[in-house]
Amino acid sequence: MAAGVGRWGGLTAETVRSVKHVDVWSRLLLQQMAKIGLDSVPIAVFIAVFTGIVLSLQASYTFTGAVPLYFVGVLVGKTMMLELGPVLTGLALSGRVGANIAAELGTMRVTEQIDALETMAYPPVAYLVLPRVLAGIIMFPVVTALAIAVGIGSGWITALQLLDMSTPEFVRGLTLFFEPFDVTFAFIKATSFGFVVTTIGCLFGFHTRGGAEGVGKSTTQAVVVSSMAILVLDAFWAVTLL
Amino acid sequence: MNRTREALVGLVIVVAVLVTTFGVLWLQGVTWGEPQVEMEAVFDEVGLVRAGNAVKLRGVQVGRVREIAVDPGGELVRVTFRIGEGLTLPEDAVMVLSPESLFGDWQAEIHPRTRFPRVTFPEPQEADVLPGHALPDISQLTAAADDISESMLVLTERIGIAFSEETAQNIASLIDNIEGVTTQLSTLVEQQAASFAEVTDDVRQATQGIGSAADQARQTLERVDEIIARDEVESALQDLSAIAANMRGVSAELEGTNREVREMAEQVEATFAKVQGMLETVESGEGSLGRLFHDPVMAEELEGAVSELQLLLEDIRENPRRYVRLSIF
Amino acid sequence: MSIRLEGVYKAFGEVRVLEGFSLEVEEGETLVVLGRSGSGKSVMLKHIVGLLIPDRGGVWVDGRHVSELSTEELYLLRREVGYVFQFAALFDSMSVSENVGMGLQRLERVSRGEIRDRVEECLELVGLEGFGDRLPAELSGGQKKRAGIARAIATRPKYLLYDEPTTGLDPITKAVIDRLILRMSRELGVTGVVITHDMESAYKVADRIAMLHMGQRRFLGTPEEIRATEDPVVKGFIEGRPELLENAS
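Residue numbers (our numbering), protein chains in the order written: chain A, 1 to 242; chain B, 1 to 329; chain C, 1 to 249.
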């Protein structure tokens, strides 16, 4: 565990140092942004749609009688922004992105492609890790923003269609306790999730040993560890920032 | 990587930035295109109003509260708000803060000062700054109702001593009623407290004014005992009128908030008025408590007062959300 | 100058792979290093380009002490060395042309046109003309290996390191690759280190042959000398007679 954190710290430091090889990573950044961000939009949106519906229905179920219905808007908005938007997107992407990175780099490691990069004078961290980490840091908040918007939208539609609420009612709830910090908080979370998911994926990929089985093991570990890291970070931000 | 994918990445980023920017502005209540003016109001204290709450003029939302800050020195609270340009405010306008829905969301209403004759507003130094006042929270009213019925119980118990058997029976059943009302009221409050953690504090923190009025009432009523014993009727009546006047004062304070609150205050005031009327009947009679207490009218009066309370209680039971404040996040 | 390994020790945990291995490769020659599978040949080769750092001892290339170079200096050194990996190690996500052009892109003052021409030239040299647009997954084992060689020679390195270039290939492809190694050395004057346990290729391409056994150099000499050797370990290896090896140890 401690050794793992140490290795992760080492890789992170190396990643930061690699920023100077702009010529190496800059050409790959856009490609990774597409792979990590663009390709994750469908799954994030899919999750958000259903989260919004469920939040809306469960809120109205919980509030029966005692609390006015416009609080559905409060609950959907706050929960999507503060918690479910960033965390569910983060978890989904840790599966998709983290696993993908670990498997890809793991395969490159066991088939000596990373060594090959080195022999061709490409610093592997600048070539493989940095573009992925940067893409994660940039694209996780982007995907999360879309997920939050879609989740609130689907909660809204649900409220109109299934709960007999009106748009002004829902919007009233939505705006009632809204603070711009909610959005900042979501972005802080998403950015940190993007960072840990990509660095952990790269870490396990980089240290893969033992052929196809090793790749499988790294991939699983990457997903498990980055999911745990997301939940721990989630709690950390809640404790420190709220 | 082909061009389409590059363009899609760009598009997704642009969409996310736009959604976030406009979403935040919209949720903050920024209005596009409508010119607004910024104004200020000063308060002794601002209750639970916060940035983003609605500013209303004649019941219609015309803007939002932007900022709340304590003045240097800490004597006043300054509320900055924006309303649509070109609105004509009432002559000698004041800003009154009150609960909008009893769920922790408040509103700031602009009214002419004349609607609040009993309220003392802080006087701002600057010309275009509105004086303001925050009305008491509704939960304080429920607590007051509890106190009032308790006082009435004590009052009727004391008076009961001097009654004939027949009237005493009437009164006794009344007392039972009032007792029932009181118990139900406090049970209800307790139930609410169990459901919504925050409410207990608010209910328990009944207004100081009402509390002291009730205390005074209790003290005086204890004196009534002695007075009846010594037949010092005149001074007893004076004391009772003083209590009633006190209660009226309290109800007046609660007056003139938004509609729900006002209705509620009217009910309470009507109850007080009846109590006072009752006492006036006693006063204008022939100076003998014993005789007046034989008067069945008085029993009816008390009964009316009780049924007022009963109505209030039913209202609370049917619409608990009106009387219970809840803060979720 | 050329390549010199001196008393190199390397262990991975408990497993000691190299135990004082020394070797000097002269400029322009092709030196074949023999050894059984798992004897540490690849480990030795990786030390030359600084992919591995010796626990003890040193590696010098052109007089530069590899393990003491800064990252930048190491990258400069690596530009002069082409490395042919055992399983080609082509980048899966790139076409053959992109793979071959990778090293060139890293060099300053090489235009896109030049890269294209050089890639064409290298593919032609290894007999893969017309395969440039394919992905590695669409190539056979032999084609992959040839693509790997094309990638290694694209930057016109002074040194070429071959990690089992002919293992697992059919006789025809083997012959093609052996000829390629010879051409590199004869026509371009490249200094080569070839790791193999394929004696046929070794005799064909080697100027000198060394043998790595138990972490140390067991033999060094010309192909003629190795044929004539009486060392049971070397003899047992080149003639494929395990009983000789067993008797020796």
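Hint data in this document are derived by calculation from the structure and do not stem from the laboratory. In this text, a Cβ means the ideal position worked out from N, Cα and C, and glycines have one as well. Keep in mind that the hints are not guaranteed to be accurate.
Per label pair, the in silico range of CB-to-CB distance [claimed, not checked]:
(1) Ser93/C <-> Leu11/B: 18 to 28 Å
(2) Phe236/A <-> Glu123/B: 47 to 57 Å
(3) Leu160/A <-> Leu11/B: 43 to 53 Å
(4) Val22/A <-> Met94/C: 16 to 26 Å
(5) Arg209/A <-> Met94/C: 50 to 60 Å
Per the computed footprint, the stretches of chain A lying under chain B, defined by three or more beta-carbons under 8 Å from a beta-carbon of chain B, are [to be verified]:
(6) 168-180
(7) 206-220
Hint by hint, here is what the structure shows:
| no. | hint | in the structure |
| --- | --- | --- |
| 1 | Ser93/C <-> Leu11/B: 18 to 28 Å | holds (24 Å) |
| 2 | Phe236/A <-> Glu123/B: 47 to 57 Å | holds (49 Å) |
| 3 | Leu160/A <-> Leu11/B: 43 to 53 Å | violated (28 Å) |
| 4 | Val22/A <-> Met94/C: 16 to 26 Å | holds (21 Å) |
| 5 | Arg209/A <-> Met94/C: 50 to 60 Å | violated (24 Å) |
| 6 | 168-180 | holds (count 7) |
| 7 | 206-220 | violated (count 0) |
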